[in-house]
Amino acid sequence: MNASAAALTREHGLRLLGAMLRIRGFEDRCYQLYGQMKIRGFLHLCNGEEAIAVGAMQEFGPEDAIVATYREHGHALARGIPMDRVMAELYGKQSGCSRGRGGSMHLFDASRRFYGGHAIVGGGLPVAVGIALAQKLRAERALTACFFGDGAVAEGEFHESLNLAALWRLPVLFVCENNLYAMGTALERAQAEPDISAKAAAYRIGAAVVDGMDVLAVQAAVAQAARTVRTESVPILLEMRTYRFRAHSMFDPQLYRGRAEVEAWQKRDPIITLSARLRALGVLQESDLAQLQRDCEAELDAAVQFAEHSAWEPVSDLERFVYAERHT
Amino acid sequence: MNASAAALTREHGLRLLGAMLRIRGFEDRCYQLYGQMKIRGFLHLCNGEEAIAVGAMQEFGPEDAIVATYREHGHALARGIPMDRVMAELYGKQSGCSRGRGGSMHLFDASRRFYGGHAIVGGGLPVAVGIALAQKLRAERALTACFFGDGAVAEGEFHESLNLAALWRLPVLFVCENNLYAMGTALERAQAEPDISAKAAAYRIGAAVVDGMDVLAVQAAVAQAARTVRTESVPILLEMRTYRFRAHSMFDPQLYRGRAEVEAWQKRDPIITLSARLRALGVLQESDLAQLQRDCEAELDAAVQFAEHSAWEPVSDLERFVYAERHT
Amino acid sequence: MPSGTPESAVSLSYRDAVRAALHQALSEDPRVFLMGEDVGRYGGSYAVSKGLLETFGPERIRDTPLSESAFVGAGIGAALAGLRPIVEIMTVNFSLLALDQIVNNAATLSHMSGGQLNVPLVIRLATGAGRQLGAQHSHSLEGWYAHVPGLRIAVPSTLDDARFMLAAALALPDPVLLFEHLYLYNMEGTLTEGLARVDLEHAAIRRSGRDLTLISYGWSLHKCLAAARSLAAEGIEAEVLDLRTLRPLDDAAIMASVRHTRRVLIVDEGWRSGSLAAEIAMRITEQAFYELDAPVTRLCTAEVPIPYARHLEEAALPSAAGIVAAARALLRPAGGS
Amino acid sequence: MPSGTPESAVSLSYRDAVRAALHQALSEDPRVFLMGEDVGRYGGSYAVSKGLLETFGPERIRDTPLSESAFVGAGIGAALAGLRPIVEIMTVNFSLLALDQIVNNAATLSHMSGGQLNVPLVIRLATGAGRQLGAQHSHSLEGWYAHVPGLRIAVPSTLDDARFMLAAALALPDPVLLFEHLYLYNMEGTLTEGLARVDLEHAAIRRSGRDLTLISYGWSLHKCLAAARSLAAEGIEAEVLDLRTLRPLDDAAIMASVRHTRRVLIVDEGWRSGSLAAEIAMRITEQAFYELDAPVTRLCTAEVPIPYARHLEEAALPSAAGIVAAARALLRPAGGS
Ligand SMILES: Cc1ncc(C[n+]2csc(CCOP(=O)(O)OP(=O)(O)O)c2C)c(N)n1
Ligand SMILES: Cc1ncc(C[n+]2csc(CCOP(=O)(O)OP(=O)(O)O)c2C)c(N)n1
Ligand SMILES: [Mg+2]
Ligand SMILES: [Mg+2]
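Top to bottom, those sequences are chains H, F, R and E.
Under my numbering, residue 328 is the last one in the first sequence; the count climbs by one each step, no gaps.
Under my numbering, residue 656 is the last one in the second sequence; the count climbs by one each step, no gaps.
Under my numbering, residue 993 is the last one in the third sequence; the count climbs by one each step, no gaps.
Under my numbering, residue 1330 is the last one in the fourth sequence; the count climbs by one each step, no gaps.
These aren't lab readings, by the way, just hints derived from the structure by calculation.
Glycine residues also receive a C-beta, built at the ideal position from the N, C-alpha and C atoms.
Any given hint could be a false lead.
Claimed, not checked - To list a few chain R residues with every Cβ distance to chain H over 10 Å, as calculated: (1) Glu693; (2) Asp694; (3) Arg697; (4) Asp719; (5) Pro721; (6) Glu724; (7) Ala726; (8) Leu881; (9) Glu893; (10) Ala965; (11) Ala971; (12) Ala972.
Said to hold, decoys possible - Which residues of chain H face chain R? A partial, calculated answer using Cβ under 7 Å: (13) Tyr34; (14) Phe42; (15) Tyr256.
As the list claims (entries may be wrong) - Quick list of in silico lysine to any residue cross-link-like pairs, SDA-like style, CA-CA up to 25 Å: (16) F:Lys464 with R:Asn842; (17) H:Lys38 with R:Pro714; (18) H:Lys267 with H:Pro253; (19) H:Lys267 with H:Arg227; (20) H:Lys136 with E:Ala1164.
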């Protein structure tokens, strides 16, 4: 695993860039498909926030566990859930990664220890603490990465979960994706102390603020934090400063923020930022970018085809899985 | 209102001493009556913690509101709910301050803005925030004093309530009665950061640690904090360091703490401490103490008589008050 | 709403009706305020409170952090202290985080204080499934809440009730939960001319019939009305009773209709086991057993966490077609035809 | 338990039986651990886990802070990750703070993940009224929980079930809530000789009779047995059915008894409206309506927050005397005698 910007190789740079382009392309395609009513329900896109999922996932191994929110397409793809399985899930097909029962907010992949996809804000934090408790009781060197938004910080479960993880010295990496808004509520109108990283002190948890628009900064911060979490078996809180380029969901008139603010952040697009750095290092040619784009489009087209041609779960199976069919 | 020890007058000193003796006497009498099965249910006595209720209540006026826990006999008496009404409540009589429906954990007196008596740990905090919101929206100079234990600090409602009070600049005085244990769980086994006052920073709330065994220190700290809460309309957190001399409730073998620890704290008994100081100032004679004791015993006997001779609520009235009979 | 023209004349949506009700309550009583997640700057997650912030300001259209337990509890406290809070919990799904405050405080304080206190709090919640929102966003728990003494549960299912139930709720001294089915927000129509208020005591017959009674509320009510229309085409006249309030239930209205039609189908979007439908059936058994020509029947939601896929979600929920089939079976028992 | 002597020989309390069950589970499966408030150093608020800390250590007898939502959610996570957590929520009253985790996570994850995940979690909760603990400490919500698909709800009401239901719950791949009525902890007796396991599927007839069926569970079951004894004295033979599991319900056993006695009284400590009794009655209406000689009846708790005063609390709860009276009325309808 290569974390430091200094040692940035062409190969690693292209991998990160490709991964972000892939997520961006996926989100944009989802946006179109929603308009075509191929995807329904709530759809929360992560355009602008790709660097966090991509940078962080570089540092996790198969033994580590991931817990995410309803804005988790990027995390699912970066974790390695095949794009066609994710797209099929958004279509509600049987071949989807949650068999069509979950949809955009509830992506799962047990084989990759991807534990969702949680649509109750803050609801994933206690679950992550429990997974980490199991990892610790089994004396594994694994960690659990728990992604959540700035809005979740106001929930009581944030408080209870950070205290529990710290009290019991559990290997949880809490990753707050602070995009400044919870739906239409700006952070400073939700938090008396808007510095989220400062709250970690109330639990004696180490914390850091990271530029969530810089994939290399994200990877470096996660690499360092993950090392501490694993070796000392303690939780750490990373606050990623980022921004959501698109609306909260498909039903958001965005009355709460101005164009100027959005445009200012768009200048810090993590894809543009990384491309520029790679160009400066002379390791990125236009042809590389074109190739990455072509690969991404091809994969997207294949994923859509897969979803389109996948079967629907038979209605007769509606009540399956309410209770487990097999014992773990 | 006189808060500073320096200016301690005989009159004020005797008032504080009498108030604490009165609560101590009440709690000891309750202990006996529980043995006689006159009082049932859960009974949580506050022996050792009398200085907090007594010192704090000196600083509140009739316009202020009080929210307390299930360990609230002292707060109810110090707030001025007549002892006979409180005793009748513990007997479950119609003349009780909650008409016999509440019992020890649920003392109420709307006329004195005593809003209970809450038996769900942490459950009173959001209610106190709401009362303070009403006080603020009506532009009253009143405040709401919210008493809770160290155990409540771990609940999500502590986190949510402190943030809300600070965010909206509400006049709430949060008074944490830190007696080092939540039932059998020592503070350091419940909190990764056992310094409760330090948690206020996560909400940009001012905080102070107070010697909860010294009634003058309590009154002085509350006087100062209340002034800020009223004039600046902001919440403040006071952590009162205190100790529970008796068991958590009547069913507690106290396996979790040693005699030596209890005895060490008993040496700091707030009643002994204040008596000693008053003697040193030469304003307390043995005859005063004897008189206070006699007054207290007389009031207690009268309260028990009142409770004994009060009527039971007719069973036919069981379903009254489930829905309000009158509109506030 | 455009002032001048009488409200009843203009066509409006259920969403507009709720907004008009909020506007009126805020205008008429200075003690009233609205508090909840994104009710202000965002305009309400279902655009119900859009524009109210501009009119009434941030003190009375109060955005809250994501702290359901604290702001619901704060509503309880403000009500205790004499205000008239309207707390919006964005959807019933999130109310589980505030359940302790609702069940242990709002529902108990009047009784537990021997009648000294009361909690004149109104909680508005969007409820229901049907929008492919998945298991964590599709609960129908209003019937479940109706189990709790001390609470009042009401469901506005028509434009008139959407427009006027809020005022009725605010006039009561008790905590009232108003459940707005998210599928109804776009329902369009006009208000009944001259109507100025509704009560929170009585169920309402939305269609009269002699052959069977369909008892329902919320989105299911409209499925029942649709089913009743198809049934009429085959000569079956279904009476459709809108419960309106789930706690207390209007037993008199239920029994009157049962005595009239002698056959009952209860349609409820709650999960079948422990559904409100079971309670209603039990009351009919207790109060009108010998008036029945057939056992009481029910059509509820399948006992599954609501799945995302449209065909699965539709299969899980009561449907007009399902109601028609159940009604037929009720009238022409197996064998007969 | 003293090793050597067969367990069945020694007299023990319900509390001892639950402790023995915990001891066995912890001894036999290293994946099992107990977590909750004061389960360790304090010995459990009802002294159920007393001594287990000394035997199994603080990692497996884990005291938690007062953070119901977080430690229940942590139990869910640990179960997802392959452990077998037993989470003790001190009483059902506090479970309202963890309801989001139970209903939105534990109950949904298996279905929502298309069967990839499952949550082998056991939650133990003390439940019920009768100890003058007041409105916030006297809930009986097990029937309410039984509304939720994805959960299994069971109630050990005998020493045998207190001793062996835990193992049956741990053997299931689903979240199971075990409700222990706080009034039963001191119940004394001996275990059935040779019994080594029980299932979580079947209701059990605790007393046979021909004249009517009393359906119940928990503390109410023992009130039913007492009532049945008095009824026998006047020649009325009541059958007493212990439901044992509230979700799923054992319809077959219920209907079999109904067909046998043709008269039913359901006794349930939940509040009347929306009680489990209503669901059972509805199922009887659906499956055995024509077998009934009289409408199904129920005796539940009055619809009030439970008051502290003893005489008021007793008046609110089902009682043996009330059961006897209701049973008589069921057999000798008004007029008859
Ligand atoms: C407990 C709860 N309350 C409210 C909602 C509705 N809701 C969905 S997303 C959201 C905003 C969350 O903001 P944040 O945590 O910052 O995540 P972001 O959407 O910005 O990624 C809200 C209020 C919810 N899903 N869960
Ligand atoms: C939410 C909740 N969980 C658990 C309990 C059971 N319980 C009652 S008091 C108590 C300890 C509370 O300790 P603390 O807050 O320090 O107050 P103290 O008793 O020390 O005054 C517990 C766990 C409860 N009443 N409410
Ligand atoms: Mg955000
Ligand atoms: Mg304490």
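Outcome of the hint check:
no.	hint	in the structure
1	Glu693	violated (7 Å)
2	Asp694	violated (5 Å)
3	Arg697	violated (4 Å)
4	Asp719	violated (6 Å)
5	Pro721	violated (4 Å)
6	Glu724	violated (8 Å)
7	Ala726	violated (8 Å)
8	Leu881	holds (25 Å)
9	Glu893	holds (32 Å)
10	Ala965	violated (3 Å)
11	Ala971	violated (5 Å)
12	Ala972	violated (6 Å)
13	Tyr34	violated (11 Å)
14	Phe42	holds (6 Å)
15	Tyr256	holds (4 Å)
16	F:Lys464 with R:Asn842	violated (37 Å)
17	H:Lys38 with R:Pro714	violated (39 Å)
18	H:Lys267 with H:Pro253	holds (22 Å)
19	H:Lys267 with H:Arg227	violated (32 Å)
20	H:Lys136 with E:Ala1164	holds (23 Å)
Checked against the numbered hints given earlier, this structure breaks hints 1, 2, 3, 4, 5, 6, 7, 10, 11, 12, 13, 16, 17, 19; the rest are met.
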